[in-house]
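A.B. asks: The chain contents come next:
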Amino acid sequence: MIATLALWDGQRLVHLSAVDLVIIVFYFALVLAIGFYLKEQANTGEDFFMAGREMTAWVAGLSFLSANLGSLELMGWAGASYQYGILAAHWYWIGAIPAMLFLALVMMPFYYISKTHSVPGYLKLRFGEPSRALSSISFAFMTVLMSGINMYSMALVLKIVLGWNIHFSILISSVTVAIYVALGGLRSAIFNEVLQFILIWAGALLIPILGLVEAGGWSGLKARIATNASAEYTHLWGTLGHFRDNPMGIHWTGIVFGLGAVISMGYWTTDFLVVQRVLSSKDLRAAKMAPIIGAGFKMLVPFIVILPGLLAIAVLPIKLVGETQAVATGGHSYNEVLPLMLARYCGPGLLGLGITALIAGFMSGMAGNVSAFTTVWTYDIYRALIKKDGSDHHYVNMGRWSTVIGVAISIGTAYLVMDFKSIMDYVQALFSFFIAPLFGTVILGMLWKRASSAGGFWGLLTGTASSVGMWAWVKVDPTALRYVALSPYARDMAENMYRALWSCLICVMVTVVVSLLTKPRPDAELKGLVYGVTEIPAESYVSTLHRPWFWAVVVGAIFVALNIIFW
Amino acid sequence: MKTGGSISIWFFIGVSLLVNGVLILGAGIYQYVHPPRVAVVLSQLHAGIWWGALLTVIGAFYCIHYSPGKGRV
Numbered sequence: 029m030i031a032t033l034a035l036w037d038g039q040r041l042v043h044l045s046a047v048d049l050v051i052i053v054f055y056f057a058l059v060l061a062i063g064f065y066l067k068e069q070a071n072t073g074e075d076f077f078m079a080g081r082e083m084t085a086w087v088a089g090l091s092f093l094s095a096n097l098g099s100l101e102l103m104g105w106a107g108a109s110y111q112y113g114i115l116a117a118h119w120y121w122i123g124a125i126p127a128m129l130f131l132a133l134v135m136m137p138f139y140y141i142s143k144t145h146s147v148p149g150y151l152k153l154r155f156g157e158p159s160r161a162l163s164s165i166s167f168a169f170m171t172v173l174m175s176g177i178n179m180y181s182m183a184l185v186l187k188i189v190l191g192w193n194i195h196f197s198i199l200i201s202s203v204t205v206a207i208y209v210a211l212g213g214l215r216s217a218i219f220n221e222v223l224q225f226i227l228i229w230a231g232a233l234l235i236p237i238l239g240l241v242e243a244g245g246w247s248g249l250k251a252r253i254a255t256n257a258s259a260e261y262t263h264l265w266g267t268l269g270h271f272r273d274n275p276m277g278i279h280w281t282g283i284v285f286g287l288g289a290v291i292s293m294g295y296w297t298t299d300f301l302v303v304q305r306v307l308s309s310k311d312l313r314a315a316k317m318a319p320i321i322g323a324g325f326k327m328l329v330p331f332i333v334i335l336p337g338l339l340a341i342a343v344l345p346i347k348l349v350g351e352t353q354a355v356a357t358g359g360h361s362y363n364e365v366l367p368l369m370l371a372r373y374c375g376p377g378l379l380g381l382g383i384t385a386l387i388a389g390f391m392s393g394m395a396g397n398v399s400a401f402t403t404v405w406t407y408d409i410y411r412a413l414i415k416k417d418g419s420d421h422h423y424v425n426m427g428r429w430s431t432v433i434g435v436a437i438s439i440g441t442a443y444l445v446m447d448f449k450s451i452m453d454y455v456q457a458l459f460s461f462f463i464a465p466l467f468g469t470v471i472l473g474m475l476w477k478r479a480s481s482a483g484g485f486w487g488l489l490t491g492t493a494s495s496v497g498m499w500a501w502v503k504v505d506p507t508a509l510r511y512v513a514l515s516p517y518a519r520d521m522a523e524n525m526y527r528a529l530w531s532c533l534i535c536v537m538v539t540v541v542v543s544l545l546t547k548p549r550p551d552a553e554l555k556g557l558v559y560g561v562t563e564i565p566a567e568s569y570v571s572t573l574h575r576p577w578f579w580a581v582v583v584g585a586i587f588v589a590l591n592i593i594f595w
Numbered sequence: 019m020k021t022g023g024s025i026s027i028w029f030f031i032g033v034s035l036l037v038n039g040v041l042i043l044g045a046g047i048y049q050y051v052h053p054p055r056v057a058v059v060l061s062q063l064h065a066g067i068w069w070g071a072l073l074t075v076i077g078a079f080y081c082i083h084y085s086p087g088k089g090r091v
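If you're matching them up, the sequences are chains A and B in order. In our numbering, each residue's number is its place in the first sequence (first place is 1) plus 28. In our numbering, each residue's number is its place in the second sequence (first place is 1) plus 18.
The hints are simulated quantities; they were obtained by calculation from the structure and are not laboratory data. We put the beta carbon where it would ideally sit given N, CA and C, even for glycine. Some hints here could point you the wrong way.
[Unchecked claim] According to the in silico footprint, chain B covers these stretches of chain A (three or more CB under 8 Å from chain B): (1) 215 to 227; (2) 268 to 282; (3) 423 to 435.
[Said to hold, decoys possible] In silico negatives: residues of chain B with every beta carbon more than 12 Å from chain A: (4) V33; (5) N38; (6) Q49; (7) A78; (8) G87.
Taking the hints into account, I'd like the entire structure generated from these sequences.
C.D. replies: Laid out in structure tokens, this is it:
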């Protein structure tokens, strides 16, 4: 029944046993079954695109997190932690938790009360059609690119671990996602994301547990890393005083202001991929609790992503290298950390579940992108700009077809991604192009009633253009890095952080100046959209233990404690 | 907990954990009885047995608790 585990045979990392294959096939069958089961409940636009707005806080919260837990999180950040050490955990803590709590307590009421179906939809209500058109087109572009990244990462895993043909892997995974999202819409995507979230933990949790046993606990791990790499790899803040002092080549200001205040805020509060899950909540309290529940679990994710990367530094007998060098030398790249650690500890059965966890992560990320793309395409581009008078049934059909077309475009972008040396650097560049300026526009729109329609549009346009411009400037003249990232010692990640910060500031400044020079909208038109003219429903009828702010304080306290412990 | 259909999402999760747990537990016991020639690191801990058992118990609980027949959605 159980085949021999054969490591490092040059063709594939491991041989799967029959039981491993059964586990993987069962997973594919189950997600497809859920899609077919939910097809009957996706007949109206509200059902297909918003999951009927009836999700509980737990389902919306886990889905909110799972949609983000794609290849970027699993493969990319495990590889990044091997490269940069525990600094990678910043993307889970300061790079997520404050933003998720801010979304829950400050921004969600406006999204929810306005009854918008998307973030570009909110921009339409607040700033008018041009801002929506700009935002939706750039979002659609970014989404299919991100979906391609997920697809490529999954195909890479299947090629490395199982020896599957990369083209076959891309085809089978994308067709599966296309089927279950096209059938059941957002509800099917959310159901599967919750399932995938559980499977990711069930399949990946053994790596840090067994890895810590082998390394001799946390102190043993630190000692081995100090020997094999550098003691700097286990400090979260202590090495951020200068660009030269840490493996990432970044300064603490880049982490705090670029990542924590701009990129993170932009991603978690305005990226429709994640916001869409929360908008499916059944009521405002569930919508506020969902990101807080997500934040609680987000703080734990480094245990199954960052820790395996650190453990790999400590226990793997080989040195991992960049993707380009790995291809040239036949070695293993940073992005293969998780499969390598799976192969190290997991025998038959466990290996199948571990591979399933990786596939589940990739599929949840891809499905998240595809379902968000479908909604924005159908509501904010097709209905707004191409066919305004279609029936609800017509738009649902368009949603199903755009799911298939979105997946097809993603397949094309998957091949585009193969040329980039590091998946994560590529993604951060994309975020700084589109997400950082968008955050400036949305936050001003929600908190400053004087912001005008022209201010919103021109701020968003100049912010995005300036970000792309800075990126191109450094590409053409690498010495320009000293101006964009404030230091000649800065590296790719630092450049992305500062570029996001500058583009957001440019967006804010242009929005403010143009708004002050143009006519504001009357207060009556801004009800439900802007702080100060919107009445937020009170929550006096629930106990303290059921109030979002209470749990936000709890999550915030744990977040502070983690940063101090791993300082 | 209403999450869309008459079958709760938690029931699907229970089925997944139960099936995976039984398969992993079975494979772990088989390996215990017939140790492979090339073993993984820390194979002496028999992770497949206790991890499979844990998943089986959790999966069975969710299957029963959120069974469609109980009327809970």
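A.B. asks: Looking back at the numbered hints, which does the structure fail to meet, lowest number first?
C.D. replies: 2, 3, 4, 5 and 6
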